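Asker: Given next are the chains, with one letter for each unit.
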Amino acid sequence: MYAFISTLLRPAAFVLCIIAYGSAQAETANVAVASNFRPAMERLEAKFEAETTHDLSVSYGATGQIFAQVRHGAPYDVVLAADAERPALLVTGSASPLPAQTYALGRLALWSPRLGSVDAASLSPSELRFLAIANESLAPYGLAAIDVLRSLGLLEPFETKLVRGSNVAQAFVFVQTGNAELGFVALSQILSLPKDRQGAYWLVPSEHYQPIRQDAVLLERGKDNPAAHAFFTFLFSEPARAIIKDAGYDLP
Amino acid sequence: MTAPDFTALFLTLRLAFVATVILLVIGTPLAWWLARTRTKVKPVVEALVALPLVLPPTVLGFYLLILLSPQTAIGSFWLSVTGSTLTFSFAGLVLASVLYSLPFMVQPLQSAFETIARKPMELAASLGASPWDAFVSVALPASARGFVTAIVLTFAHTLGEFGIVLMVGGNIPDRTRVISIAVYENVEQLNYAQAHSLSLILLALSFSVLLFVYIFNKRFPVHVG
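As you go down the protein sequences, you meet chains A and B in turn. Those letters in the first sequence? Residues 69 to 320, by my numbering. Those letters in the second sequence? Residues 2 to 226, by my numbering.
No lab work stands behind these hints, which were simulated from the structure alone. The model shown is predicted, which means the values in this text are computed figures rather than measured ones. Glycine included, C-beta positions come from ideal geometry on N, C-alpha and C. Be a bit skeptical, because a hint or two may be false.
Cβ pair distances, simulated, as ranges [unchecked claim]:
hint, chain 1, residue 1, chain 2, residue 2, range
1, A, P143, B, V45, 40 to 48 Å
2, B, T116, A, V126, 49 to 57 Å
3, B, T116, A, R106, 52 to 60 Å
Here are a few chain B residues that sit away from chain A, every Cβ distance over 10 Å (derived from the structure) [as the list claims (entries may be wrong)]:
hint, residue
4, A4
5, I23
6, T40
7, W133
8, A140
9, I202
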């Protein structure tokens with residue numbers, strides 16, 4: 069019996085040694101990223117990994133979920149949030165040794181994949197059955213959408229027509245599947261589609277809503293990790309900023 | 002608890018009630034047929050009925066979102082008949098719940114029906130009872146336990162539905178914002194106190210419902226055959 073177990077364990081121990089050796093050689097940073105930033109992040113990750121010896125392990129999720137996970141000890145080194153509020157909470161809660169920094173400004177668009185053109189006049193309560201937004205109490209893009217409706221004096225007529233996704237990705241799906249005719253989504257989501265499926269959108273002028281500041285923080289756990297530091301620096305470099313802008317964000 | 006939370010609680014109870022009644026009507030004949038049939042397609046039907054047990058609710062929700070959209074035949078038909086869409090509506094949630102809780106109604110009923118021997122049914126028939134008559138006076142009383150289990154499990158399971166509602170509901174107060182969504186929203190907003198009170202209600206409700214089934218099953222054992 070002992071011999072049997074030992075035959076089983078020997079290769080396992082060998083594999084463990086290899087894993088331990090491997091991880092000592094290449095530095096890896098765990099990065100948690102708000103899901104709206106995914107298309108940009110994928111390009112940033114590819115560029116970062118090509119230009120450095122470091123690796124990134126990226127998890128995507130809703131900012132609120134990431135925040136709760138970090139509070140409960142999730143092993144992230146860097147967080148790229150969809151808002152400025154939660155990173156600030158992480159900094160004051162001493163989960164982060166450094167102040168948060170804005171890496172992108174979200175841009176809101178009113179979108180339809182089916183209509184020929186979309187503009188402010190498309191927001192006609194009598195013609196629309198549903199208008200999709202992200203839930204304003206959970207998602208910054210939802211809050212911005214409510215700002216826009218209020219600033220156009222349309223909040224009340226649309227009150228019963230709003231369908232809320234738990235995040236902006238879900239609002240996007242509601243519109244894309246034709247369940248809602250129009251929706252307030254992130255410009256970056258539309259631009260991530262192939263050209264022929266982007267439909268029509270109205271890029272909402274920024275005076276209609278509070279800026280959607282997306283902040284990044286280097287967490288306490290990542291402060292001694294060279295890969296985390298390198299990525300944090302890279303995020304604010306010119307090549308990274310060009311990618312972020314190209315993906316549909318404004319720069320701070 | 003706030004007024005919106007009460008609305009969510011009431012809506013959830015209403016949804017679970019309506020879905021259970023509909024499932025009772027659909028599930029009983031289906032379970033009866035499954036218990037009696039000798040057809041070769043029986044395993045296929047059984048597998049289909051059990052599917053919601055293993056599928057992630059988000060998969061079901063995603064398919065429903067696509068299938069019930071006004072862009073499709075089903076969605077546009079419903080829209081032209083009722084004047085409202087299936088997604089983002091109470092009717093849509095009922096439909097989703099019926100699919101989602103189907104195995105919880107059919108499986109206990111089917112096993113209850115399977116334990117009823119053929120003999121008493123044949124005897125009732127030979128005494129001149131119509132099939133319906135035999136079903137009501139012989140099969141129904143003998144499977145009372147199965148009915149209680151099926152009804153209560155269906156109700157309780159529908160109370161806790163989350164994934165599908167999140168996908169096809171659209172979080173509209175008084176129409177699709179059920180209690181599990183309200184809890185999720187409160188947690189995400191860091192309103193832990195409110196999330197606690199809602200969760201506690203759901204916990205207590207689900208526990209008492211299940212406790213009822215187990216006590217009932219113990220106290221009223223049904224002798225079959």
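Asker: Are any of the numbered hints broken by this structure? If so, which, sorted upward?
Answerer: Hint check: nothing fails, all pass.
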